[in-house]
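Visitor: One-letter residues, chain by chain:
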Amino acid sequence: MKRHLISAADLTRDDAVLILDTAEEMARVADRPIKKLPTLRGRTICNLFFEDSTRTRISFEAAEKRLSADVINFAAKGSSVSKGESLKDTAQTLEAMGVDAVVIRHGASGAPYRLANSGWIDAPVINAGDGTHQHPTQALLDAFTMRRRLVGRDAGLGKDLAGRRITIVGDILHSRVARSNVDLLHTLGAEVTLVAPPTLVPVGVETWPCEVSYSLDEVLPKSDAVMMLRVQRERMNAAFFPTEREYSRRYGLDAARMARMPEHAVVMHPGPMVRGMEITAEVADSDRCTVVEQVANGVSVRMAVLYLLLGGSEPAVTAPSRTEETK
Amino acid sequence: MSKILIRGAKVLGGEAQDVLIDGETIAATGADLSADGATVIEAAGQVLLPGLVDLHTHLREPGREDSETVLTGTRAAASGGYTAVFAMANTFPVADTAGVVEQVYRLGKESGYCDVQPIGAVTIGLEGKKLSELGAMHESAARVTVFSDDGKCVDDAVIMRRALEYVKAFGGVIAQHAQEPRLTEGAQMNEGIVSAELGLGGWPAVAEESIIARDVLLAEHVGSRVHICHLSTAGSVEIVRWAKSRGIDVTAEVTPHHLLLTDELVRSYNPVYKVNPPLRTERDVMALREALADGTIDIVATDHAPHPHEDKDCEWAAAAMGMVGLETALSVVQQTMVETGLLDWAGVAERMSFAPARIGGLSHRHGRPVSAGEPANLTLVDTSYRGVVDPAGFASRSRNTPYEGRELPGRVTHTFLRGRTTVVDGKLA
Ligand SMILES: [Zn+2]
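These protein sequence lines map, in sequence, to chains L and W.
So the first sequence is residues 1 to 327, counted in UniProt numbering.
So the second sequence is residues 1 to 429, counted in UniProt numbering.
Incorrect hints may appear among the rest.
Pairwise CB distance ranges (calculated) [said to hold, decoys possible]: (1) Asp15(L) - Thr340(W): 39 to 47 Å; (2) Ala392(W) - Arg3(L): 23 to 31 Å; (3) Arg245(L) - Glu133(W): 49 to 57 Å; (4) Arg3(L) - Glu339(W): 37 to 45 Å; (5) Gly119(L) - Pro369(W): 46 to 54 Å; (6) Phe74(L) - Ala392(W): 30 to 38 Å.
To be clear about the criterion: a stretch of chain W counts as covered by chain L if any three or more of its residues have a C-beta under 8 Å from a C-beta of chain L, and this derived list gives those stretches [unchecked claim]: (7) 189-197; (8) 310-324.
Keep in mind the hints are simulated off the structure, nothing from the lab.
Even glycine gets a Cβ: it sits at the ideal position worked out from N, Cα and C.
Bound conformation, chain W alone (with noise of 0.2 Å):
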């Protein structure tokens, strides 16, 4: 068994300590471990993670395996820091079939960069119409527990109220895209002030909000689990904060892009910033971060969305809506929440591998705490790092990042799946 020692890194963003790595697992903590026999990784300064884990990615395969494969999206993962990921239940065929979930599940296990959890559907082909066999999926290989029409909002009533009871009995989720249909019939974009001016269809606040308003209540009705995905407005945080004042049983992500970008960037008609939700306004934006900070919205999960060149190189109007993130992600939450001060490392900790892998009942595997014994899932960074993003390195087989020439802060240098590495040096092995 291979042994790795990293030497001196800040756990949790506190104090330097050494971690040594025994096979799958972490051996010791502490002060001036012993060396030998172990591969030694100088880490001072940088802080180790627990392995991040994404409970909202988009692998693309099967079916658009031209924007993304489970391969090639593990591979993104892993250079981001992620030790585990969710794959979207929208897929060509949908994965709303045991068949189709063990399918993304043992691809996942080829690929060997990060452990894949399929997200199966909430309804037979993203329809809304009749619910998936959720059962099915979570008895098969994969063991689905979050289910979810992703792309799309389970926008019946009594669908998702179904769905909401329905896996309770096998401790089951629902994410929802929150999404009112009509409310956002042709919508390009925020509705507000630079929509207005632009001529693009609105996507108002309200379609999210009025969604999420029902269904915290109808969790709140039959005593279920209800998660929300890539939550953007402000008005959608004071309805999870009240929400969870009242003991409703409700979780929250944001997406790093809507920790940092706002509908300003659209006056440039760059397809790049089209993304659904779309990238809302500054004060939106601040809330979020805010929310984030006090707990109210629990994780960070990416919304990585590939797309090849040709679906974002044209009218605004064309273009497939969304952004790659898993790359991105630890630097865009270091620059909007480490450095803004909202957020120290072990908050991040908290919000982009203990919560996601709780939520997503991974937390067997997943989001386990650095200290002996524990699975040896860990991620490095090199918080002092700074850069200007060029998708020509990306892993991902896409390239629609917003970032593209922007400067971020912090790079993963290490990135170990149950103490082997996938990257190092900031290399996938």
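Isolated chain L, as found in the complex (with noise of 0.2 Å):
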């Protein structure tokens, strides 16, 4: 792997594969009565978040936090774009307190990349979400979601997403989860599907390793998955689309339009969802909806992705210790 996770283009497929039966190994973690590992003890991460985001940081800092690494919030919000040098000022405090991963949010697309490769910071760098560029560990917990409905926890083990049909369908132009997406499942051996009004639709997506069509209707039946995105609102002031409801009705995901995917297929958001907008409350309450694993296994991969990157020479999950079992 590489020293640092900028963009889910960077896994090759054994590496992602890699890292999603790492997870699973992490989830089980989850499954003990002490959810830790002393696996990162003695080492620092700090999660600086450029952007809000209380979903992703919680979800590092609860990975960093059964790793037994020591964890710093930074919050710096209000100084992204307008006051410039704070990235710089900001990694260079990092370097000097001796952190030793560093994971970071931040509104502009490429502030991760320029983080790792300016020679401001020598610590690994896990984008956890960079304007509408990438965010990679996000597109893992979907991957690692899909594996386990589509193919099985344990029958996973090992296998990509071979031949499995993945439909992605909103706001494809401002999404750094669609980005990401479409680059890990393409090197994981499935098929993606891009769905949206073409306003939507990026100019230059015809490069992409994936289709796009502007039907929902003609993609559903042939999909394995169904991820829906968050599509703002104040799009629509900008022209994106009509009104709220037409975009709804061609391109929302209700009831009827769920039974038209075949039975086996989930439907996926990376949250947080606009009910009745992009997804209804029943589509968003089924059972076929991975919703709220989608967050669980969030923890999972992001130990997986520290691990792997702080590179771990122990195997990563050891029988829990009779002390730590008794503390």
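Since each chain comes alone in its own frame, lean on the hints to assemble the complex.
Guide: Structure follows, in structure tokens:
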């Protein structure tokens, strides 16, 4: 694996499968009464968040703590783009403090790449979402969720998603989740179709390793998983689509549409969901919807990524020691 | 009066000749001129060009002296072989009054490295709302004839029309920064394959092309002269070609970086490649080279845009747009146009000296033939030189060059401003 995790495209098939397999091991820890491993004891990890995202931050923090790392949360709210030097300054402060890894969330595409490649800092950098560029751990947790549902928890070990048909619906243009998923799912052998109104598909998409369709109804019957992306209401004001109602009618997932999906197919959403717009409450609450699992899987996947990037030489998961059990 | 004999230089890339400078003017050209009483510069193998003229330079003074001053900018210009530069109006305060343009003009005179011809803002404060006092700037000591809101587009069609009409009274020209503002909101780089992948806001080619199309039609309608700044797309070339074929009085410029670099470089997220208009695709680059060769694009202009280190040493989105260019322009043109066989040195002289002087109304003093009786504004180039660009050696106050570490051909060995050397053996005098 590379030293940093900036883009889902950085991962080879074997890297990705290794992360997913390691995440399965990590997931077992969550089933224990004491959900903690000594693996990263004595290591310091900084969660550097230039953009609010409580969900992602908490997920990383839980992963770090379960691996016994020391955690520094740094929220540089409001200082991201308007004050350009802050990223470099902050990086150098962290370097001086001797952090062992930086998890960064930033509103500007490419900020984690700059952090990793500008010589500002030596520690491994993990991208927790940058602008409209990438969110690789989200793609990994999505792939993990799909593998569990479509291949099986144990049956999936060592396997990829070859031949599975995944549909991603919604605001592709502004979505780092879509970009990361297209890259990773392609690497894992899946066939990806993007569905959106033409205004929300980026110019230049033709070189991506996926199909593009403007019709959700045509794609649904041949989908093993349908990932609904959040559509922000303000896109309407920018004329990306005429009205919320029209968007829902053409691209929203309701029970009738869900019924057109194959029986085994699942519905995914990176959250937070806007019920009624891109997904109806009925679909969101159905047992085919994996939103809650995705959240839990996020912790396991992030544990796996941190463990592998921080080069744990010992096995990630050992039999829990007596002392820990009796604490 | 001091005499200088340039011996055996290929004038405009042609036959080797001697050129004798006496005082401020060229006294004679020809074979075996007498070196009597003259300092001799052995120039065998070198190319002698008329002093270069840059129609598009940002000198930053007044207001951003931390990036560049008229003095440092003109030193950079002399190093790059220029004897005249047009200073863009987007300073602080904006060059939208006779007072500011006269200040810049005077600073140029004092620097002594290069003539500085101020450009006036088309609208007050570059706000696109009210015309600046274009006539007063023209009548000032600076004799402004080129007006531009560069950095911003004059996007209101009525204001653009009026500006085009108004400057006809004194032979002025409006230099348009063609950028439809609504189509480029949030734009960070060329819209296309690379922007889609990088998740950076796209600057579509049509945002440039639609303004150029509108402006050439406006120029035709009111019978005025329009100049298109830093044209960057294949589509823009088509529109200008069409406009010229129709007899519309339009001229256009291309920057060196748009002749060489593509948006693929943005994959590095290194803001040194962040520029407006953005780096485009290989296809655009090739179309621009061809258009410069066939005369559709009239001139090369640097868009020299100095920025301090802090404004580039940050994440892409936060970084300032622009690149320095005065000291590398001729080398890039040599590599992209001469060494590809698209242009000879006479063609380079046309596009980097004669034509920009003509467009900017300076051709009584600059962009003159290399012959007896003409002002001795000259540039001597060692075209066989090969070297790696090292910004540490720049005369510009800023170092934001996209060519750091890149090998480029050619080196300006001497620059003469009215007979006085501003550069000797590649070093500022
Ligand atoms: Zn400019």
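Visitor: Of all the hints given earlier, name the ones this structure violates by number, lowest first.
Guide: Hint check: nothing fails, all pass.
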